[in-house]
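Q: Going down the list, the protein sequences come from chains G and W.
The numbering of the first sequence is the working numbering, which starts it at 1 and goes up by one.
The numbering of the second sequence is the working numbering, which starts it at 1 and goes up by one.
Hints listed in this document are in silico derivations from the structure and should not be mistaken for laboratory results.
Predicted, not measured: the structure shown is a model, and the values here were computed from it.
Each hint should be verified, as a subset may be incorrect.
Taking lysine-lysine and the DSBU-like style, the derived pairs with C-alpha atoms no more than 30 Å apart in a straight line are [stated by the list, open to error]:
| id | chain 1 | residue 1 | chain 2 | residue 2 |
| --- | --- | --- | --- | --- |
| 1 | W | Lys47 | W | Lys124 |
| 2 | W | Lys273 | W | Lys236 |
| 3 | W | Lys236 | W | Lys187 |
| 4 | W | Lys273 | W | Lys231 |
| 5 | W | Lys124 | G | Lys241 |
| 6 | W | Lys187 | W | Lys18 |
| 7 | G | Lys226 | W | Lys124 |
| 8 | W | Lys18 | W | Lys59 |
| 9 | G | Lys92 | W | Lys221 |
From the derived model, a few chain G residues whose C-beta atoms are all more than 12 Å from chain W [what the hints assert, rightly or not]:
| id | residue |
| --- | --- |
| 10 | Thr21 |
| 11 | Ala26 |
| 12 | Ala29 |
| 13 | Ala37 |
| 14 | Glu48 |
| 15 | Ala90 |
| 16 | Glu99 |
| 17 | Phe122 |
| 18 | Leu164 |
| 19 | Ile202 |
| 20 | Thr213 |
| 21 | Arg233 |
| 22 | Val249 |
No residue lacks a Cβ here, since even glycine has one placed at the ideal position from N, Cα and C.
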Amino acid sequence: MVFRVTSAAEALERRIDELRTAVRKAVTAGERERAMALRGALRRAEREWEDALDELADQPAVLVPRQAGPLLPLREQVHQALTLLGSPAAPKLIIAVHEAFHVGEMVPARLTSLRRDEERSFRSSPHSRPYYLCSALTADLLAPARGLLAVSTWPMALRVIGPLSPRVDFLNSAIRLAEHLDRIPEPGPTARRLLWRFAANIPGGAASADAMTPTVVAQAAEAELKIHRDADRSHREAAAKRARQLPDVEQLFGNRLRSISATGT
Amino acid sequence: MDNLQERLRHIRGSAAEKRHNARTVAALTSNPGCARRAVLDAAGVDKDRLARHVGFPAKFGQSQFAITRGNAFEAQVKANGYAELLRLLRETLGLEIREVGSTNLEDVGGNTGQEVRHARSRQKLTSAAADPNAAATFYDHPLLRLDVGGSRVYLEPDLVAFHHDGVFHVVEIKSFAVIDNQADARKVAAAATQSAVYVLALRRLLGDDKVAHEVVLVCPKDFSNQPVATKVDVRKQLIVLNHQLSRLTRIESLVEALPPTLTLDLAPDDDGKFSRPAAEVIAALGEIEARYAPGCLATCEMAFFCRQEASGCTATLGLSVREELGGVETVAEALGLADGILVEGDDQAEVAAMLRTTARIFGSVAA
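So that you can see chain W by itself, here it is in the shape it has in the complex (with noise of 0.2 Å):
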């Protein structure tokens, strides 16, 4: 683990390590496939600084407006002894009135060290489960840990809320409105999926049976600050996140694969700026294998740039067409094969066929 560590530190070059997160977590496990987000994930690289500094910016992300005013209204809801949190989960969780504690996780003694706040998070989490009556109610910000092929991952839930019937619900606030009762379906989606990680993380810590597949989301309602809290059902998420968590590759053999000298460092000089050539960076990247598909586009920092990479294979035009097209790698070999220019390998035979009568329907309609 220790030479992982070692060999993960120095593809990092010297840059800060970024954090995982759910979010990454989620988007990692639906392109499992892809050895270049996994390497680059594992070993911290900051994805949209490098994506920027090779030429091909990320387009997404949350802007700052986003963020300060996810965290108002968090703060909002929170405060006063998380007063407006605890009538809505009174009502939603259906919390007797005695069942108001609190564990406040953020740090330890003014220590906000990883190690030391997830220890401490499991350590109260686990002694809840053992002894409900002496357990709080709500435990804020508690870290979390989980093993994404092979790596660490530390993952911090807004809130965890512990029933005196003994079971755990993650809680998540987010500051997306809940209009007519319906929000946006993406971004319903996308909290669900975050919150499944942190189901599974809680699990693996304390067993299946303490902890439910209901999450509560905490929205604005209308176009108000008044918070509304709805729970979601995250049994689908869960299957999901398993099955692609268990097909992860090991790290390990992915970081073997690549040559030791690798390194994505950018080497910032004294005033911040990176002397590190993009070419040089490119070629680093290429030595890991990607794996790209349309849906990057909105879950990774890189996808333009291996969007641009592969461009020319049948891997850019999705996944159901890779699946059909399967065998034939690029587009230029898949319309010689439709126009019979090209003659087919015998394990293409089937996918030949196919194009040669598609082209044929194609060019008789087009007549």
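Chain G with its partners taken away, still in its complex shape (with noise of 0.2 Å):
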């Protein structure tokens, strides 16, 4: 339950303050008329403090549906938007799901160090958690991908990127968020912005901001997602398979020293 405080409450806090420095003063000075008076005037404000109190208990409790500051710890506001896009995703794009579909405030500046602290919690105690926000590697040389930030828990083909990869990730987080947008009694405009921006970018995803709906996004994108979608997946899976070789801290993190690029390439 919340209760807003009212501005009566509060200054009569403020006042109580300045006047117990006050008899704190005078005492110390020896004025001791001055301190007399001074602590009957903080009496009466503390007596006139419960009074509001009382009055503030008698109202009923008023929501707040949006709430300054997070409800959930970070990487659980991660962990939810990842799961809605379905794919590694940038922080920017994270940021903008939680924004769209989320309560609570997420800090840009704390995700910058977010893997780099999940990675350290796993090599102090690997697999202690049931989940860590993890990298997702490059097909090529499994090298961390720049800038993304994938789910442990997904398989390890969903957590390397080949060449068609970025495109192919966009598609589907295109039509996941499509799907959860139309799911959703009331998505509200940063939800429909986000989506266009998704829709704006695809062919066929929709003639105008205005006109957009979320079936048609699903469906452009799905449109072109068929044609990458073998390709992508057979790249995805040879290299997941010469990931599984790496021992589990790089499986996650990726392996920046040696280079175990593919044979061909």
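Take each chain as given, in its own frame, and dock them per the hints.
A: Structure follows, in structure tokens:
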């Protein structure tokens, strides 16, 4: 339950603080009469504050729909956004998804160190958490792909990035977002704006932002996805096979030292 | 070559090597006769710092704001699997729907070293040219190399797009706006020349027929962040560049002519302050001949220093004046000839006559 503190009670609290300081100063300065007068004023202010509080207790509690400050820890917010998208994504997109659909604040600056923190946590105590936010690996060198976050519980083939994967994942995410928009009762303008950013860059996605419908966006994305899907899948599965030979920590966070390059590239 | 690299390192001193880029190459080729610029650039000297140390700070260059905005626009255009760029290039270059593959060449498994990156870029681009069916469509930040007057210059275009007909296009993403289908002519020209340097480097690697003479410029449209793509024909710039590059005196002969102990080191102390006296640096600079022209002011950080050094010389009045006054080096000399105070040498007869006539006309008008 959330109480909205009225300005009356707040103002009284400030006054009480001031009076307390004044009383202390008067006492230490030896000004007995002044101290007594101030003490009287202080007691009156405290009584008024109690009355104000009683009034608030009688009012019905008001639920603030969107609260400042996060309700969930950052890693869970990111996990939530990535789960919705269904593919590795960059911090900017994760934040946009979060703002479109979820409650609470997500602080961009903290995202930049998230992957490093997750790796440290994994190294100190492997597999102790139900999931980790990890890297996506480049298919050729199995190095961490720049600027992408993934979820450790996803299959390896989803966590590697082949040459077609950036576009495939974009189309995939468009479908997931469109389906989500259709599911929730009141998507809101932020969510629609997010979907438009996808639709505008998919052939046949939408004629305009106003005319956009999630169903059409999903259909258009699927139409193009069909063209790339098989080739992308075979790249990813070949890379995943090689990646599964790496030690666990490198499967999650990539290998930087050695280069296990695929033959023939 | 090693000896040359040693000499260049010695000239540069203790500072880190300042990298060449397409802008500096373009500027270099617009004033090929300037040995000072050629040596400073080949040695990787930070000309901005040098100019400030000798008391003539440069007044141009991109502001931090412009750089940040440029990076942000580029990131936006490339975000989400190159979503916006793909839409633009499908339209502008006629890419087929299946052409969406991408390769990021900004680093090699985390390694950002120049040689490593260049080797990989070279490998990826040449194999794409050899086997178009197995090629990707976007090559992001490839590292190219060009021989400029005997020194190796690494160049990094924003993106190179490979079309199914087997031709590469250079794509440059710039943050100056195209408003009502028009952009700042100077900026477009600079972008065109810069892109031409990349085209040249790519052609040297892959062959002329594999690289288009049209580059794609991606800029924000009107006052928004919406990108718009335009094809720019850079054949003229390519001709000029090729011509100028071949005229650049080999850097070896320039360096050989210099005293072996010459160095432009600024001798930074522990606090990073430069302890070498400016007068010493100026003396060292004086050993390397410059060729100042007013055009330098827009392209070289040393321009103000060289201009002051050249004051009183006819060269500072511009190329056309200099050509007309061929053989007359200083303004004082020209005036003297015009007034008939100085007697001309044999090779100055024509010029002197022209000057005297001009003085007479001006004198009669003024009188």
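Q: Give a verdict on every hint.
A: Quick rundown of the hints versus the structure:
| no. | hint | verdict |
| --- | --- | --- |
| 1 | Lys47(W) with Lys124(W) | violated, 34 Å |
| 2 | Lys273(W) with Lys236(W) | violated, 45 Å |
| 3 | Lys236(W) with Lys187(W) | holds, 16 Å |
| 4 | Lys273(W) with Lys231(W) | violated, 47 Å |
| 5 | Lys124(W) with Lys241(G) | holds, 23 Å |
| 6 | Lys187(W) with Lys18(W) | holds, 24 Å |
| 7 | Lys226(G) with Lys124(W) | holds, 27 Å |
| 8 | Lys18(W) with Lys59(W) | holds, 19 Å |
| 9 | Lys92(G) with Lys221(W) | holds, 22 Å |
| 10 | Thr21 | holds, 46 Å |
| 11 | Ala26 | holds, 53 Å |
| 12 | Ala29 | holds, 51 Å |
| 13 | Ala37 | holds, 59 Å |
| 14 | Glu48 | holds, 53 Å |
| 15 | Ala90 | violated, 7 Å |
| 16 | Glu99 | holds, 16 Å |
| 17 | Phe122 | holds, 18 Å |
| 18 | Leu164 | violated, 5 Å |
| 19 | Ile202 | violated, 8 Å |
| 20 | Thr213 | holds, 20 Å |
| 21 | Arg233 | holds, 14 Å |
| 22 | Val249 | holds, 15 Å |
Consistency note: the structure conflicts with the earlier hints numbered 1, 2, 4, 15, 18 and 19.
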